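Peer 1: Make one complex out of these two single chains by using the hints.
What follows is the residue order along each chain.
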Amino acid sequence: MARTKGYPEELDKKLRDTRLYNEDSNPEFTKTVEKISMTIPHMCYQCGTCTASCPSAPRSSYRIRKFVRRALLGLEEEALTDPDLWLCTTCYSCTDRCPRDIAPTDVIMAMRNLAARRDIVPVNFLKTVQAIYSSGHGVPNNDVNRAARMKLGLPADPPTTHGFPEYIKGIQTIIDHYKLKERADKIIKEREG
Amino acid sequence: MHEYAFYLGCIAPNRYPGSESASYKTAEKLGIKLLDLQGASCCPAPGAFGSIDLNIWYAMAARNLCLAEQMGKDIALICNGCYKSIWEVNHKLKHNDELRDGVNEVLKEIDMEYKGSIDVWHLAELFYDPEIVGVDKIRESVTVPLTGTRIAVHYGCHLMKPKKERHFGTTEHPTWIEEMVGALGATPVEYRNKMLCCGAGGGVRGYDLVHSLDITNEKMINLQEVGVDALTEVCPFCQLQFDRGQIEIQEKFGVRYDLPVLHYCELLGLAQGMSPQELALDLHAISCEPFLEKVL
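Residue numbers (my numbering), protein chains in the order written: chain A, 1 to 193; chain B, 1 to 296.
FYI, nobody ran anything at the bench for these hints, they're computed from the structure.
The structure presented is a predicted model; accordingly, all values stated were derived computationally and were not measured.
Don't take each hint at face value.
Examples of chain B residues lying across from chain A (beta carbon under 7 Å, computed) [to be verified]:
id, residue
1, 14
2, 21
3, 39
4, 52
5, 109
6, 157
7, 204
What the simulated footprint calls covered on chain B by chain A, stretch by stretch (three residues with Cβ under 8 Å from a Cβ of chain A suffice, anywhere in the stretch; the number is not a length) [unchecked claim]:
id, region
8, 2-13
9, 42-49
10, 53-59
11, 162-171
12, 192-203
13, 275-287
Cβ coordinates follow ideal geometry from the N, Cα and C atoms, glycine included.
Just chain B, same shape as in the assembly (with noise of 0.2 Å):
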């Protein structure tokens, strides 16, 4: 059993508590287990409070960082936000001995010192990791094929991007999200501009709401052409986006889409033979009802 200190940010036990639910389960039939990480707190948002202090962002992210040295565990977390603030602040201040001295100067106030001896991971990379899960794995792990679907992937932008801090190869095109959706039994969909942001980040869903939903009913538009029963995602602000999102576009732009929105954990927790209400996909906005259908 691989163990990782549970990182678990704020959308997803505060929103859609489905997905952290979901995550301690799936992760567990695949042979990782998610440990409390006590006393974290918000990342924080690396655009709404990375803009305007970038150093407190970097001592507030450390903070949590040290939490997990504590426990002498690596960091696993299911959000592509946080992944920017937690994985990105420990990437630096590992390689940067001048940030790193000015961060606990001031984590010196509360008893902390970060040290740069644990790594941080999503846990939707270390399913596809066949070190540690890998394609084949999940396959072998599903009892509710999702066979007949037609599923796409957003991506999101912070878990891959930038890609030379990052790990993934290109961002252009790529497809290793649409291999662990086929796994599930699903057929995965391309879509037009697949990399496009879902417009709810750096602030700009709380600054200008039409401007950031705009981008968002952009990417709806292409998901209804090639028509798919369900969005999926690894990170619950795009969740959130997409998923509440379509109820203002309804109410702004006056288009309904209706098109279910599901983080890869609770997908991967129906396949697995979770029920929908163990995955509270109630509090979703947007039903998932017609996509059930097809799958129960």
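So here's chain A without its partners, still in its complex pose (with noise of 0.2 Å):
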């Protein structure tokens, strides 16, 4: 909720989505994310080295200096909504340039990992499950590579799950462990059909 008192209606009306207070921090998050990111976004004195490293940022909205911020002030919903969230290349650039020693990288990827948890994923993350589970790779093998590799003297399939499909099996065991090829397929069956 906006505080806006003698502020013209209109505009107080468009401040309500962009103004932020403390009701809105869930100090949880900050916790959560530190624990799945093994780092210190809490350290964070904001001078922003990170968006100057980054190569998301000149060509997007994408700041990762605003996540770290959204980090240590527990802005959750802010953080897991926001589409740009999926545009970190995890170039670790920020992550080797950090003054503080925090690794921002790794604190998008906790804040993905949370955001998952809601389903919140674009399914190009989710079809890459879906390939390692049927057949051990993301980019699996196909008749044109087939036949290249055998002209090289290779074996058609490489001795991967490809060549030894007898070990898909337990790959499988430690993706259902986890349900998140059910997940997967639904999220997916939902946004596609």
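Peer 2: This is how it looks when you write it as structure tokens:
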């Protein structure tokens, strides 16, 4: 809720969605992010070295500094529902340059994990899960490549789960332990029919 | 002969098998035998998979580590993305008991146990390490020197970063891969913002292709400015982003570069006398012909 006493009504309405107050904060969020990420966003003094080092920043509204601030202030909704969360290429330039020894990249990874728990996750991530579940590979083999491999004197399928499919069961057991395949199938069906 | 379990990953064997083939052959000439790691899976992809649930990422990577532990061999691999998963999970599990116990709880269901008994290496770092191979030995192995070619290096992100967890020193301006390029007789070329990401990682290539290609395009512009005959890297995912990415950049942005992109193992293979056919260079989206004409 905005606190804009005596402000023009129209502006007040607009600000209602953009201003944040103590009651919007969930202190538990800070702790959860720190636990998953194993890093210390609460040490951030907002110098902006991270955003300045970020390859995604110059070409989008994604601001890593903002996400670290959200972690520190417990602004869970703002962090997890912002689609820019998925624009980090995880290049770790911010992490290497942070003067406070924070790993902002890992803060993003933790937030993505928390968003995914609420099914806020782009489908391309879930499709990788499906591919790995069925073949063991995120990028599986194909016929053109099989022919090329044979020409090189390599087996048509590499000696991975492709060549030894009996190993796929173990992978499925791990993924099923976390019920991830079910969830991925369900979300993809909901979004793509 | 040094022996390693060769962890293949996905993109090298399934999209650029020439890099796989080159790895076996070039390594063997340098005294490294790469053994099959049977039943290995995707590392799994640190960005795409790790973003959903890091715990599953730890467990899945640990399964791959267990396979090598059962062989009693250290792992060698040729992809930065795989390095992030396999090296980093190994490192984390070795130093975090709580994490290791959690992972082993899950691995019990498939009769496996992570012990922490092996190490993980990128083949490029083994090539550079004078105790294993070293630049001099690389130079001695060259039969077709790449003299007169200008080659730029893309280091990629997940091999050396984050630097405080790794052991490569500076990530602002490394030059060790340039040394290995120079050993092949080529001229290594510096360019603006060399350490910039290729743009593909973190699931961004799948999430927002144009955004990811825009980063790649920035690198291409910087490379064009200095003029190079080829770009080399040590990561098949970066290779895919630069190689197929150039076709996509052409479609989406209307600019054309035609810059050949070769994995360091492919480059080394050429310099050691392997033919373009033996390296399946015809599978590259961007023709390597202009570069090959200068070399062969």
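Peer 1: Now tell me, hint by hint, if it's right for this structure.
Peer 2: Okay, the hints, checked on the actual structure:
no., hint, result
1, 14, "5 Å, holds"
2, 21, "5 Å, holds"
3, 39, "3 Å, holds"
4, 52, "5 Å, holds"
5, 109, "5 Å, holds"
6, 157, "4 Å, holds"
7, 204, "5 Å, holds"
8, 2-13, "holds (count 4)"
9, 42-49, "holds (count 7)"
10, 53-59, "holds (count 5)"
11, 162-171, "holds (count 4)"
12, 192-203, "holds (count 8)"
13, 275-287, "holds (count 4)"
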